[in-house]
Amino acid sequence: MPSKNSSQSGGERAAWPLKFGAVGAILFLHVPLWLIFLYAFTTEESAYTFPPPGLTLKWIPQALANPAMQSALYLSIRVAFLATITALVLGTLAAAAVYRYDFFGKESVSFMLILPLALPGIVTGIAMRSAISLIHIPFSFWTIVIGHATFCVVVVYNNVLARFRRSSNSMIEASMDLGANSFQTFWHIVLPNIGTALLAGAILAFSLSFDEVIVTTFTAGNQQTLPIWIFSQMLKPRNRPITNVTAMLVVLITALPILFAQRIVAGSSDSEGGSK
Amino acid sequence: MLNRISTYFYLRPKVVLALMLLPPMLWFLVVYIGSLITMLINSFFYLDGFTGKVIHEFTLRTYIKLFDPINLQIFGRTTLMAASVTLACIIIAFPLSYFMARFASQRMKTFLYLAVTLPLWSSYVVRVYSWKLILAQEGIISWFARLIHLDWLLQLYLNLPGVGGPSLSISATGIFIVFVYIWLPYMIIPIQTALERVPKSLLEASGDLGATPAQTFRTVLLPLAFPGVVAGSIFTFSLTLGDFIVPQLFGNSSFYIGKAVLTYQGTSGNIPLAAAFTMGPIIIMIVYLLIARRLGAFDAL
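In the order they appear, the protein sequences are chains X and E. At position 178 of the first sequence (counting the first as 1) the number is 178 in the numbering used here, and the numbers step up by one without a gap. The number in the numbering used here is simply the position in the second sequence, starting from 1, with 1000 added.
For reference, chain X alone in the conformation it holds in the complex:
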């Protein structure tokens, strides 16, 4: 273990084996993502030769115009949008109830909300599948949304609850003392206060849903969300250049908003949704 020597190095300098190990781990995490970007521009159509024989931009317009990719992207966006809205409502209500009130079973609320993320995805997936088949609901757009919303609630809940706990109650009391009713207080005091937490939670929930593949496999009929489309392309590669470009697109769609969300909550230790 390279970290042995470091305890002797006294000041703030790490021994080189430790640095080597740290840099190695970071590279291991990031080089594969760079390769996704590289291969989006390769001229090759049917193999993954490294180094790419040539670079081209021609696949990008082709991928964007691909009807299967487009409909999968459109479905994913609609699912993620509805799942996020549902998660925002349910997560905020649960967070407010847990923050404001004492009630029986309060400790188990967080536990129950995090279960769908904590248990292996396949458990949630097969559980929903067996429920859906037992009561004969047809698989549809809505079964996907319901599945996604269920595991998205907890990220909104965590963010909003963390914000509630940091903010003091005195503003709300002052507002009520000055004659505002509950609705005015909510609109003018509470909502602006938790606004960025809601936004961060929403972004995390959207990414989580946009990216999900395991639960979706079980709750979707023959609908293909974007991750499922990419998965099917990996199983039976038909159109590699298009898949390469789509992969790059997905990294951008999921990673950029997360960077943005990190920035929103930067400085505060709000981002408890960081554990996926």
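If you're looking for bench data, these hints aren't it; they were derived computationally from the structure.
Simulated crosslink set (DSSO-like; lysine-lysine; CA at most 30 Å straight-line):
1. X:Lys106 - E:Lys1014
2. E:Lys1200 - E:Lys1109
3. E:Lys1053 - E:Lys1065
4. E:Lys1109 - X:Lys19
5. E:Lys1200 - X:Lys19
Each pair of labels, with its calculated beta carbon distance range:
6. X:Phe141 - E:His1149: 52 to 58 Å
7. X:Gln184 - E:Pro1023: 18 to 24 Å
8. E:Gly1162 - X:Pro52: 30 to 36 Å
9. X:Lys236 - E:Arg1077: 21 to 27 Å
10. E:Leu1153 - X:Leu235: 28 to 34 Å
11. E:Gly1162 - X:Lys236: 24 to 30 Å
12. E:Leu1087 - X:Thr43: 37 to 43 Å
13. E:Leu1156 - X:Gln62: 36 to 42 Å
14. E:Leu1156 - X:Leu235: 28 to 34 Å
15. X:Phe81 - E:Arg1061: 41 to 47 Å
16. X:Pro138 - E:Lys1109: 47 to 53 Å
17. X:Tyr99 - E:Arg1061: 47 to 53 Å
Cβ coordinates follow ideal geometry from the N, Cα and C atoms, glycine included.
Got chain X; can you put chain E on it based on the hints?
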């Protein structure tokens, strides 16, 4: 009017609580807990082999099927894979976590934290896909092996039974590497959190009292980091147990739990067996969590 509604609610906090709590609780009880219960019920039904229909009557025969040698082998193989992935994640995560906790400046730490969590948030499928590119026969690993004239070694390794295969992208080694890559961030963060709490003076004291760096590492640092290691291993272990995407894409015909569940419910329509199979990882995880709690992992979360 609004004022009167507001006053009404203000005077009845229990009504407000009920209105707030009911929608999320109802959703979770019906959609999630309800699903888990139907899964449990389903696992006590069985599939009629002749008609291909699920028979809705209480029986244990689906569970008995789990003890077929083939199915036991699947459980064993998956658990072994989960354990090796966890071990590899610990070894790779430790230096980085230690560096982050002890030597990185505040700015550096923020940067590294982002660098570790960003892959976690970029698409899972795409991260898996990137290894299709890397491990392919014509991909970057083979290219690098040829570059340093070690392609014979790679070939030799691929010929080994058990870990090898026609190419790295269809082998148990491939599955292993991809799992380690995908779940690594889940190991780095908890270890870093645990190491962050180790006071520097403790390590200095150990050195001053004559311990060699190796002794300090073994007797001071490692025990204190251990709860973090166990916390991280809960993620890597559980996630590996339940994943079917990676074995499906990088594996040969040998089954893992996730892939078996998918096949049973999909191709053969045997939801009872799939449900019973899923109880496997649930029970393995419960046992694991109980051990983890005894080892103090939850103090580090």
